[in-house]
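Protein chains in written order, with my numbering: chain A, 1 to 187; chain B, 188 to 319.
Since the hints were derived computationally from the structure, they do not count as laboratory data.
Quantities reported herein were computed from a predicted structural model and do not represent experimental measurements.
One or more of the hints may lead you astray.
[As the list claims (entries may be wrong)] Cut-off 25 Å, straight-line C-alpha distance, at most; resulting in silico cross-link-like pairs (SDA-like, lysine to any residue):
#: 1; chain 1: B; residue 1: Lys251; chain 2: A; residue 2: His171
#: 2; chain 1: B; residue 1: Lys251; chain 2: A; residue 2: Ile178
#: 3; chain 1: A; residue 1: Lys71; chain 2: B; residue 2: Lys262
#: 4; chain 1: B; residue 1: Lys193; chain 2: A; residue 2: His171
#: 5; chain 1: B; residue 1: Lys221; chain 2: A; residue 2: Ile178
#: 6; chain 1: B; residue 1: Lys262; chain 2: A; residue 2: Asn38
#: 7; chain 1: A; residue 1: Lys41; chain 2: B; residue 2: Ile255
[Claimed, not checked] Label pairs and their calculated CB-CB ranges:
#: 8; chain 1: B; residue 1: Asn225; chain 2: A; residue 2: Gly164; range: 22 to 32 Å
#: 9; chain 1: B; residue 1: Gly296; chain 2: A; residue 2: Arg73; range: 24 to 34 Å
#: 10; chain 1: B; residue 1: Leu226; chain 2: A; residue 2: Gln157; range: 25 to 35 Å
#: 11; chain 1: A; residue 1: Val163; chain 2: B; residue 2: Glu240; range: 51 to 61 Å
#: 12; chain 1: A; residue 1: Asn99; chain 2: B; residue 2: Ile275; range: 51 to 61 Å
#: 13; chain 1: B; residue 1: Gly296; chain 2: A; residue 2: Ser27; range: 15 to 25 Å
#: 14; chain 1: B; residue 1: Leu270; chain 2: A; residue 2: Ser27; range: 57 to 67 Å
#: 15; chain 1: A; residue 1: Tyr122; chain 2: B; residue 2: Asn244; range: 33 to 43 Å
Glycine included, each C-beta is placed from N, C-alpha and C at the ideal position.
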Amino acid sequence: MCLTIKGVNRVLNERELIEEAKSGNKSALNNLLKDNLNILKGYVIKMTGSIYASQDIVQDTMLKAVLNIKKFRPEAKFSTWLIKIATNVYRDYMRKNRNYEVIDETLEDKKQNVEDLAISNYEYKEIMNIILKLPSEKRAAFILKHYYGYKYEEIAQILNCPVGTVRSRIHYAVEFIINELERKEII
Amino acid sequence: MRDSQKIKDCLIDDFYNEKKDKNINAENECKEFKGKLNLYQEKLNLLNEDIFEFDINTLSIIEKAECIKKNKKYKREFILFILIAFFILSLYALAILKFGAKFLIISQGIVLIALPWTIIPFSMIRRKESEI
């Protein structure tokens, strides 16, 4: 990330950006948020399956992150901290909005074959529905493991629960998804 | 049944590169479940494709946060002002009760004379600091 500090252009790593952001540099904070936006969006979309809910949760998460940036300890990655905040924001959001609209978008026409595209769209929606059927704690653990490759210990820290619980939640989720995929004849 | 579950658990851990149990003996079950895991991986990759985009204006979020911080600061300062004012007025009232109305007149006189001499230099120092 290229950032001008006192007239000097140089590349800053995440830790330096965090230090700059903590000392009140808005540009550094903005870059930090932009760098981690896609990870956060992906996580929240998979958690909610809703475009509107995702937008609200991502905005609230970033707002909380900006308000509490000085409390951030750089032992963990910034994205991990954001995901931890997003998980809490998601819980609050679900308490307030029990019914929300699930994604009804379709994949873009990247494949040549129309039939393949239709199958992919169907499978996308089915897989999203299967993931959404999981209880939120299990879903969060599963998404963090499967899509973000976090270690069990890291997930335990993010979700505030023991490592054994994380392991059993992930195992349950994997078996549940495989069973559902088989039942729906997707695999 | 329990062994079968244990094997599945080990295979899932292995699949996700967590610590591996090397004593898995049920070859057939391993193969079948591993096959399922590979298929499942392939299908779940579909969710990696971004099917929609939504814009998040990070700068406006930072500005909103600045506003919230300012409002919090004003609120904190207002509460502090009220508390200090209440404390000073209470002390004043107690002193009047103890020393009588004469205290009120003398103290008002002192305040009127002394206050400008303290406030003016103090405000000048603050102005200079803010200019720097």
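Quick rundown of the hints versus the structure:
1. B:Lys251 x A:His171: Given pair Lys251 (chain B), His171 (chain A) is violated - Cα atoms ~41 Å apart, limit 25 Å.
2. B:Lys251 x A:Ile178: 44 Å, violated
3. A:Lys71 x B:Lys262: 21 Å, holds
4. B:Lys193 x A:His171: 11 Å, holds
5. B:Lys221 x A:Ile178: 11 Å, holds
6. B:Lys262 x A:Asn38: Violated. Lys262 (chain B) to Asn38 (chain A) sits at ~35 Å, over the 25 Å cutoff.
7. A:Lys41 x B:Ile255: 24 Å, holds
8. B:Asn225 x A:Gly164: 22 to 32 Å: With Cβ atoms ~26 Å apart, the hint holds.
9. B:Gly296 x A:Arg73: 24 to 34 Å: Since Gly296 (chain B) and Arg73 (chain A) have Cβ atoms about 56 Å apart, the given range 24 to 34 Å is violated.
10. B:Leu226 x A:Gln157: 25 to 35 Å: 31 Å, holds
11. A:Val163 x B:Glu240: 51 to 61 Å: Because 36 Å falls outside the window, the suggested range is violated.
12. A:Asn99 x B:Ile275: 51 to 61 Å: 54 Å, holds
13. B:Gly296 x A:Ser27: 15 to 25 Å: 55 Å, violated
14. B:Leu270 x A:Ser27: 57 to 67 Å: Given about 38 Å between the Cβ atoms, the range is violated.
15. A:Tyr122 x B:Asn244: 33 to 43 Å: With Cβ atoms ~34 Å apart, the hint holds.
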